[in-house]
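Take the sequences, apply the hints, and build the full model.
One letter stands for each residue in the lines below.
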Amino acid sequence: MGIEGIGARVARKEDKRFLTGLGRYVDDMVVPGMKHAVFVRSPHAHAAIKSIDTKKAKAMPGIIGVLTGAELKTDGIGNLICGWMIHSKDGTPMKMGAYSGLATDRVRYVGEAVAVVVAETRGQARDAAEAVEIDYEEMPAVTDAVKALEKGAPQLHPEAENNLIYDWEIGDASAVDQALDGAAHVTRMKLVNNRLVPNAMEPRAALGHYDKAEDHFTLWTTSQNPHVARLVMSAFYNVAPENKLRVIAPDVGGGFGSKIYVYPEEIVCLWASKKTGVPVKWVADRTESFLTDAHGRDHHTEVSLGFDADNRMVALKVDTIANFGGYMSLFSSCVPTYLYATLLSGQYAIPAIHCNVRAVYTNTAPVDAYRGAGRPEATYLLERTVETAARELGVSPADLRRKNFIREFPYQTPVIMNYDAGDYEASLDAAMREADYAGFPARRDEAKKRGKLRGIGMSCYIEACGIAPSQAVGSLGAGVGLWESAEVRVNAAGTIEVLTGSHSHGQGHETTFAQVVASRFGVPLEQVSIVHGDTDKVQMGMGTYGSRSGAVGASAIVKALDKVEAKAKKIAAHLLEADESDIVIENGEAKVAGTDRTLPWFQVALAAYTAHNLPEGMEPGLKEGAFYDPTNFTFPAGCYIAEVEVDPETGHTDVVQFVASDDFGNIINPLIVEGQVHGGLAQGIGQALLEGCHYDPTSGQLVTASYMDYTMPRAGDLPSFQVSTTNTPCPGNPLGVKGCGEAGAIGSPPAIINAITDAIGNNDLSMPATPQKVWAAMRRNQ
Amino acid sequence: MHQTTYHRASSVSEAVKLLNDADDGKYVAGGQTLIPTMKQRLAAPSDLVDLRHIADLKGIEVSGDKVKIGAAATHAEVAENAALAKACPALCHLATHIGDPHVRHMGTIGGSIANNDPAADYPAALLALAATVHTNKREISADDFFVDLFETALEDDEIITAVSFTVPEKAGYGKFPNPASRYALTGVFVARRADGVRAAVTGAGENGVFRAEAIEKALSSSFDASALDGVTIPADGLMTDIHASAEYRANLIAVMAKRAVQAANG
Chain A
1 MGIEGIGARV
11 ARKEDKRFLT
21 GLGRYVDDMV
31 VPGMKHAVFV
41 RSPHAHAAIK
51 SIDTKKAKAM
61 PGIIGVLTGA
71 ELKTDGIGNL
81 ICGWMIHSKD
91 GTPMKMGAYS
101 GLATDRVRYV
111 GEAVAVVVAE
121 TRGQARDAAE
131 AVEIDYEEMP
141 AVTDAVKALE
151 KGAPQLHPEA
161 ENNLIYDWEI
171 GDASAVDQAL
181 DGAAHVTRMK
191 LVNNRLVPNA
201 MEPRAALGHY
211 DKAEDHFTLW
221 TTSQNPHVAR
231 LVMSAFYNVA
241 PENKLRVIAP
251 DVGGGFGSKI
261 YVYPEEIVCL
271 WASKKTGVPV
281 KWVADRTESF
291 LTDAHGRDHH
301 TEVSLGFDAD
311 NRMVALKVDT
321 IANFGGYMSL
331 FSSCVPTYLY
341 ATLLSGQYAI
351 PAIHCNVRAV
361 YTNTAPVDAY
371 RGAGRPEATY
381 LLERTVETAA
391 RELGVSPADL
401 RRKNFIREFP
411 YQTPVIMNYD
421 AGDYEASLDA
431 AMREADYAGF
441 PARRDEAKKR
451 GKLRGIGMSC
461 YIEACGIAPS
471 QAVGSLGAGV
481 GLWESAEVRV
491 NAAGTIEVLT
501 GSHSHGQGHE
511 TTFAQVVASR
521 FGVPLEQVSI
531 VHGDTDKVQM
541 GMGTYGSRSG
551 AVGASAIVKA
561 LDKVEAKAKK
571 IAAHLLEADE
581 SDIVIENGEA
591 KVAGTDRTLP
601 WFQVALAAYT
611 AHNLPEGMEP
621 GLKEGAFYDP
631 TNFTFPAGCY
641 IAEVEVDPET
651 GHTDVVQFVA
661 SDDFGNIINP
671 LIVEGQVHGG
681 LAQGIGQALL
691 EGCHYDPTSG
701 QLVTASYMDY
711 TMPRAGDLPS
721 FQVSTTNTPC
731 PGNPLGVKGC
741 GEAGAIGSPP
751 AIINAITDAI
761 GNNDLSMPAT
771 PQKVWAAMRR
781 NQ
Chain B
1 MHQTTYHRAS
11 SVSEAVKLLN
21 DADDGKYVAG
31 GQTLIPTMKQ
41 RLAAPSDLVD
51 LRHIADLKGI
61 EVSGDKVKIG
71 AAATHAEVAE
81 NAALAKACPA
91 LCHLATHIGD
101 PHVRHMGTIG
111 GSIANNDPAA
121 DYPAALLALA
131 ATVHTNKREI
141 SADDFFVDLF
151 ETALEDDEII
161 TAVSFTVPEK
171 AGYGKFPNPA
181 SRYALTGVFV
191 ARRADGVRAA
201 VTGAGENGVF
211 RAEAIEKALS
221 SSFDASALDG
231 VTIPADGLMT
241 DIHASAEYRA
251 NLIAVMAKRA
261 VQAANG
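Quick note, the sequences are listed as chains A and B, same order. The working numbering applies: residue 1 is where the first sequence begins, and numbers increase by one. The working numbering applies: residue 1 is where the second sequence begins, and numbers increase by one.
In case anyone wonders, no lab produced these hints; they're calculated from the structure. Don't take each hint at face value.
To be verified - Using C-beta positions, here's what the derived DEER-type ranges look like:
1. 719(A) with 6(B): 43 to 51 Å
2. 135(A) with 89(B): 56 to 64 Å
3. 451(A) with 21(B): 55 to 63 Å
4. 6(B) with 782(A): 50 to 58 Å
5. 100(B) with 319(A): 39 to 47 Å
6. 21(B) with 43(A): 30 to 38 Å
7. 536(A) with 21(B): 50 to 58 Å
8. 319(A) with 213(B): 47 to 55 Å
9. 232(B) with 699(A): 32 to 40 Å
10. 100(B) with 598(A): 57 to 65 Å
11. 449(A) with 100(B): 57 to 65 Å
12. 402(A) with 89(B): 49 to 57 Å
13. 6(B) with 62(A): 15 to 23 Å
14. 139(B) with 782(A): 45 to 53 Å
Note that the structure is a prediction, hence the values are computed from the model and not measured. For every residue, glycine included, the Cβ atom is placed at its ideal position computed from N, Cα and C.
Below, the structure is given as structure tokens:
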């Protein structure tokens with residue numbers, strides 16, 4: 001609709017400031033009198049704190065304060081919590097260990113904050129941080145979740161016996177066992193989903209400012225959801241009541257989930273500002289980011305998938321151990337349960353599914369949602385297992401999938417989710433065409449002549465986005481509702497400001513949301529501004545994660561637009577002396593349908609605010625708000641096909657072709673959607689080939705704590721992606737959109753590993769498939 | 001980083017004086033290792049004496065079959081030098097693949113070999129080319145210069161001024177980069193010279209750069225990649241870390257040696 005409306009390939013409005021260095025991030029914020037905080041962090045993975053002596057540090061030059069956890073407790077600041085209650089299958093609530101913003105008696109991972117130093121300069125704060133004397137008594141550490149469950153493993157929290165947080169299940173275990181017993185073929189696998197470090201380009205940062213005159217706090221922070229941060233800090237951490245706390249998330253340089261959570265540093269900077277009487281800024285260095293940002297994934301899983309004699313899936317059984325790290329992060333508990341096990345049906349009609357999940361404490365950084373959050377783990381295990389099954393059964397991986405696709409909607413899975421719409425075969429067909437699937441054998445033979453092993457792999461993913469219906473998630477244990485709000489303000493001269501609770505930190509909302517508004521009234525895009533990221537400006541919001549901003553955030557905008565349009569039509573009808581039902585607003589004007597009587601949009605707006613001539617009884621102004629609560633999740637799905645060439649001498653893998661066919665429903669801006677898919681694919685291929693977070697199993701030190709050892713994907717590691725979309729509009733929201741932010745990271749890892757295992761003829765390969773691992777797998781063949 | 005005082009020396013003698021006058025001074029010649037180390041507070045020199053701007057240490061000369069590269073030549077300057085590209089293209093190729101563009105425009109050949117990182121590229125080239133390291137005090141053969149991990153024959157106040165070597169008949173470098181850091185996970189430099197073949201391995205040895213005798217012997221009879229068929233390298237004495245086992249590195253030495261020879265033979 002038009003060159004700037006819904007469906008148009010509009011370049012991102014916000015890129016001008018980002019690309020010219022004019023973005024304003026937390027570290028750009030300066031408050032008069034501001035000082036600098038440095039955290040004293042645990043060098044040990046597991047140790048008892050015998051004593052903390054701050055005397056020497058306090059005497060150093062420039063020091064304003066050195067604060068510890070004991071003072072935090074004395075001042076009544078609450079422990080950090082996990083806001084989603086999960087019950088074990090025996091009915092007991094999850095076992096949450098105490099998590100203080102500054103550790104008092106024990107540290108449970110390397111990098112855990114123990115004290116904070118506030119000084120005139122960052123350098124002085126660092127010097128003094130090194131002078132804080134902490135007497136640690138080291139304890140044995142455990143970093144591997146499977147080992148943490150074993151008898152005799154080091155114990156982390158007195159609340160969690162055997163380090164077990166919960167032992168949860170979903171589905172009908174006996175039906176699954178019975179179906180597997182009677183199955184003609186069962187494919188069994190043991191799979192590890194590797195731990196990842198999020199690596200946002202902008203490290204986390206916080207600037208806390210206590211204004212004594214007003215008895216009011218302001219926090220500038222790197223958050224994906226400033227309102228949620230304010231709510232949690234008020235309701236649980238007792239920092240300040242909501243009306244005394246303003247949270248601002250300005251430009252944020254990437255989140256990928258890691259900036260959803262409230263971290264100790266944000267609470268401590270606010271508290272320290274009141275305590276010391278100065279505004280306190282903290283900015284993580286890259287090492288702190290590696291050590292303390294919530295990590296992602298880290299699952300160990302055993303899976304069995306049964307087929308009948310006709311190769312139809314009869315049952316799926318999954319047993320997963322999920323590593324939670326040293327403490328439960330804010331939403332950690334829902335990731336390996338309701339964002340994971342509920343997606344295990346994939347695109348397939350599987351009559352019986354059972355999944356058991358044990359969540360486990362270890363001496364590592366806390367683990368929480370990271371791009372995809374549970375859904376990549378579900379997709380990886382299902383799609384590797386289906387591909388393996390096809391090899392074992394001697395049938396084509398495409399045919400086996402096709403035979404088992406869900407074809408009728410709505411479809412109720414055995415694991416809660418009710419799929420509303422989809423056409424999986426359309427994605428598969430489109431991807432196979434684009435990849436020239438039939439031509440693969442010829443390409444493999446040609447590669448062989450060049451001394452390369454070429455393989456092809458497929459992945460058909462589904463995800464649940466548009467998170468989430470509040471009542472449904474409430475019944476599953478969520479501590480919050482997951483609606484979104486919007487306010488549309490038409491100014492007196494016709495320009496429009498939209499206030500949204502969906503924070504933008506790379507997603508391009510300032511463009512896509514503006515397109516939705518511009519479409520509605522036919523006004524130019526530059527006359528629409530999107531306001532987000534400030535609890536004093538935006539009424540309320542639940543933030544950006546789980547690919548929810550289009551499906552939930554934009555739907556709230558649409559609801560508010562409906563109200564604005566209704567009022568504008570009444571005003572226009574009155575001024576044009578026509579019937580309200582005859583008024584159409586398009587191309588920047590209101591007109592009487594079928595006539596040449598028109599009124600420019602700005603005159604409608606002006607009339608609302610001059611209020612000289614409004615319909616009888618109408619309030620002045622043109623501003624409406626709305627809350628939108630989704631009725632269901634949305635279900636983006638698609639098919640990815642990877643082709644790789646492996647160097648048999650070194651094990652190095654080149655991704656030579658990557659095809660992505662996604663069904664995101666209707667699309668607001670194809671350019672931005674493609675960008676989101678490209679970024680997601682880079683992260684997913686990064687997980688498959690390059691990124692592996694590694695803790696030393698004995699000392700618990702993070703070995704991959706810098707870019708010298710943690711491999712981030714570079715442009716040269718990736719092919720030129722071939723991306724396209726199919727469309728079954730989402731029936732559940734007014735725009736028919738599903739969400740696209742996580743798909744690339746969800747669907748791509750199994751496609752890559754399926755392609756490599758096809759190339760080398762050995763299925764025993766784990767992520768990241770580094771050259772060494774691929775080489776070793778090839779050697780095992782010999 | 002702790003506070004430090006930066007000095008830009010304009011001559012070698014001034015640099016020596018500045019270092020001697022400092023409490024706990026350090027030479028810096030690009031700082032691609034030293035500065036990150038200081039940022040991590042693992043090193044805290046009171047003074048930094050920068051050698052990069054000393055005119056006598058600059059420049060790359062090729063005359064006849066002699067090559068002399070000033071110690072302050074950056075990796076980018078080595079990579080892009082036209083005369084060197086004719087005399088010994090393998091060395092330009094090597095410099096092209098060090099780090100990233102930022103590193104290549106700051107890091108210098110003198111700084112790299114003085115640091116003697118066990119995964120750095122230049123030590124393999126210098127050892128295989130039988131190069132000479134020139135300092136403000138003496139000349140040291142590459143064979144004697146590289147002593148152990150991060151250890152060289154340099155004395156505390158000794159400054160590398162240049163490296164020189166005789167143009168080889170043929171030379172090639174095969175590098176398998178560490179996927180994260182782009183240092184050599186294993187790199188093999190081979191050179192055929194009038195007095196024989198030398199092959200040096202970096203990134204793999206527990207004690208830093210070393211010559212691979214089995215490869216030299218095989219290539220002495222025939223300087224062709226096929227001469228290395230069946231040559232296996234024992235894993236003893238090779239490094240194991242999270243990126244590569246000793247066995248994998250042993251395999252890479254043989255493979256990279258072949259690729260180096262193929263490159264040398266064009």
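Against the structure, the hints come out as follows:
no.: 1; hint: 719(A) with 6(B): 43 to 51 Å; result: holds, 44 Å
no.: 2; hint: 135(A) with 89(B): 56 to 64 Å; result: holds, 59 Å
no.: 3; hint: 451(A) with 21(B): 55 to 63 Å; result: holds, 59 Å
no.: 4; hint: 6(B) with 782(A): 50 to 58 Å; result: holds, 56 Å
no.: 5; hint: 100(B) with 319(A): 39 to 47 Å; result: holds, 44 Å
no.: 6; hint: 21(B) with 43(A): 30 to 38 Å; result: holds, 36 Å
no.: 7; hint: 536(A) with 21(B): 50 to 58 Å; result: holds, 57 Å
no.: 8; hint: 319(A) with 213(B): 47 to 55 Å; result: holds, 52 Å
no.: 9; hint: 232(B) with 699(A): 32 to 40 Å; result: holds, 34 Å
no.: 10; hint: 100(B) with 598(A): 57 to 65 Å; result: holds, 59 Å
no.: 11; hint: 449(A) with 100(B): 57 to 65 Å; result: violated, 34 Å
no.: 12; hint: 402(A) with 89(B): 49 to 57 Å; result: holds, 53 Å
no.: 13; hint: 6(B) with 62(A): 15 to 23 Å; result: holds, 22 Å
no.: 14; hint: 139(B) with 782(A): 45 to 53 Å; result: holds, 49 Å
The structure fails hint 11 only (numbered hints given earlier).
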